[in-house]
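J.: First to last, the sequence lines map onto chains S and G.
Each residue of the first sequence is one higher than the one before, starting from 1 at the first, in our numbering.
Each residue of the second sequence is one higher than the one before, starting from 203 at the first, in our numbering.
Fair warning: there could be bad hints in the mix.
As the list claims (entries may be wrong) - So the derived list for chain S, only partly shown, Cβ under 7 Å to chain G, looks like this:
#1 ALA42
#2 VAL62
#3 PRO68
#4 ALA71
#5 LEU87
#6 ALA94
#7 ARG124
Read the hints as simulated data drawn from the structure, not as lab findings.
The beta carbon of each residue, even a glycine, is placed where N, CA and C say it ideally should be.
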Amino acid sequence: MHRNGQTRKRSARTAIVQLVFALLPVLSLFRLESAGAHHSFAPLLLPSGEQTIETFDGSVRVFRILNPHSAIIIDTVTEDGSEESWLLELSPRAQLAREGWTDETVSSGDPVSVAVIPSRTPNRGRLRAILVHGDTPAADAQLLVAYGIRGNTPVMQRLRERLPVCGTIDASYNRTECFTVSSQALADLEAEFPGHMGYVLP
Amino acid sequence: MIARRSLVVASALTTIAASTAGAQPSAIRDFPGVYVAVWVGAVEIITGPEVYPMTDAARQAYEAFDPFVSDPRRLNDCAPEKVPTLLWTANPIEIEVQADRIDISFEEGGSSRVIWLNGASPPADQPYTAVGYSVGHWEEGALVVQTTHMDSPTIVNDLGHPLSADAVLTERYWKEPGETTLRLEFQINDPANYTEPLSFSRIWEPSETEQVQPWECVSLGTRDDSEPPDFDELTRMLEELE
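Work out the full structure: start from the sequences and follow the hints.
T.: Laid out in structure tokens, this is it:
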């Protein structure tokens, strides 16, 4: 189902509670890191103080690597059939360019599935992961992972153990990474980690 | 560990007051260059107190702090980066040493600091600025910097620990013999908000391959908690960028 993202139909949309306090061993570093970069980001919190992660399918309207935040706009269709767009932020241009990203890493019209950390601004958030589907169902996809996954996190370890890297990202910075995902690998991931984009969720 | 750091910095501060030493040639030779954040399972940024010894007023300000309202970056992505927040940067910095000053260039925000080595006090009409007014001196191979006039309402952007106009930031940069790691211990003394000085530390590694990249800032618009972005306008703006 997720390989049909080019239809621009949102095949699934989930809101998943990220149990921040389950991440206590890394929480202090995360807080300090978030203070370190520019980060004018106020995550959408549940009344309990927990962050959420949303996933949905859509297509890329525009992508630019910029300072202080690179930007991607995704068009999607809600469950009631209405169209909506999302502005998703990534790391600054200076850093992404250092890691190998360009304005062409993601292209307008690319069918994608995304995992998003929503902010308090409606339809705006941070990109956690983006799966850029291939031109055909049999073609390889590319999975780019960013906020919340970068570093030596369990999700990054999970992906490194199962997927080859694209070779386009300098992973020595331990920030973003690109994985090549064959149709079989995607099916295996979806079976092992159920739910829409379950393979990039905590 | 926190107490130990406090003692180390307190000792350094005592020495600062008594020091009349000039620059240490070996230290000056070792300091210039580009430095990058260190990866130790996460980007090694800063160690600091687990509990901030706040005054009652500071506690109230901290609890009332809402980054969505109080951080100027919510309205302007390109608002200046500030000291002391800049000390947390995960992006490269470059240190240049001159006879009477040290320049620290930060990739983040394209910010820069001048640390005056002439020992002069800030002028009477010194304004409060994003990076404050810094004076420094060399002390047994370490660079010790004292900064005042910081125009920053909080210690870091998003976390709400208040900082008063009278706060004093003291930094001590050094390298251990035989090491290339640049070490920083810094202390924030702000009695209006904290009943004792706050001590932090971090490290950088030198890099001969990295450069501080230019930082042309593009705002993605204000952040409103009730209205989504204007996607048509934003798309036009992004598509027009080269």
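J.: So, PRO68(S) near chain G? Judge it on the closest CB pair being under 7 Å.
T.: At about 6 Å, which falls below the 7 Å cut-off, the nearest Cβ of chain G leaves the hint on PRO68(S) intact, so it holds.
J.: With a cut-off of 7 Å, does the beta carbon of ARG124(S) approach a beta carbon of chain G closely enough for the hint to hold?
T.: It holds, given that the least Cβ distance between ARG124(S) and chain G is near 6 Å, below 7 Å.
J.: Does LEU87(S) hold up as a contact with chain G if the rule is Cβ-Cβ below 7 Å?
T.: This hint holds: LEU87(S) lies near chain G, its Cβ roughly 5 Å from the closest one there, short of 7 Å.
J.: For the hint on VAL62(S), just tell me whether its beta-carbon gets within less than 7 Å of chain G.
T.: holds, 5 Å
J.: Under 7 Å is the threshold here; is the Cβ of ALA71(S) close enough to any Cβ of chain G for the hint to stand?
T.: Holds, about 6 Å.
J.: Under 7 Å is the threshold here; is the Cβ of ALA42(S) close enough to any Cβ of chain G for the hint to stand?
T.: holds, 4 Å
J.: Would you settle whether the hint for ALA94(S) is holds or violated, based on the nearest Cβ-Cβ distance to chain G being less than 7 Å?
T.: Nearest chain G Cβ about 4 Å off; hint holds.
In summary, this structure violates none of the numbered hints.
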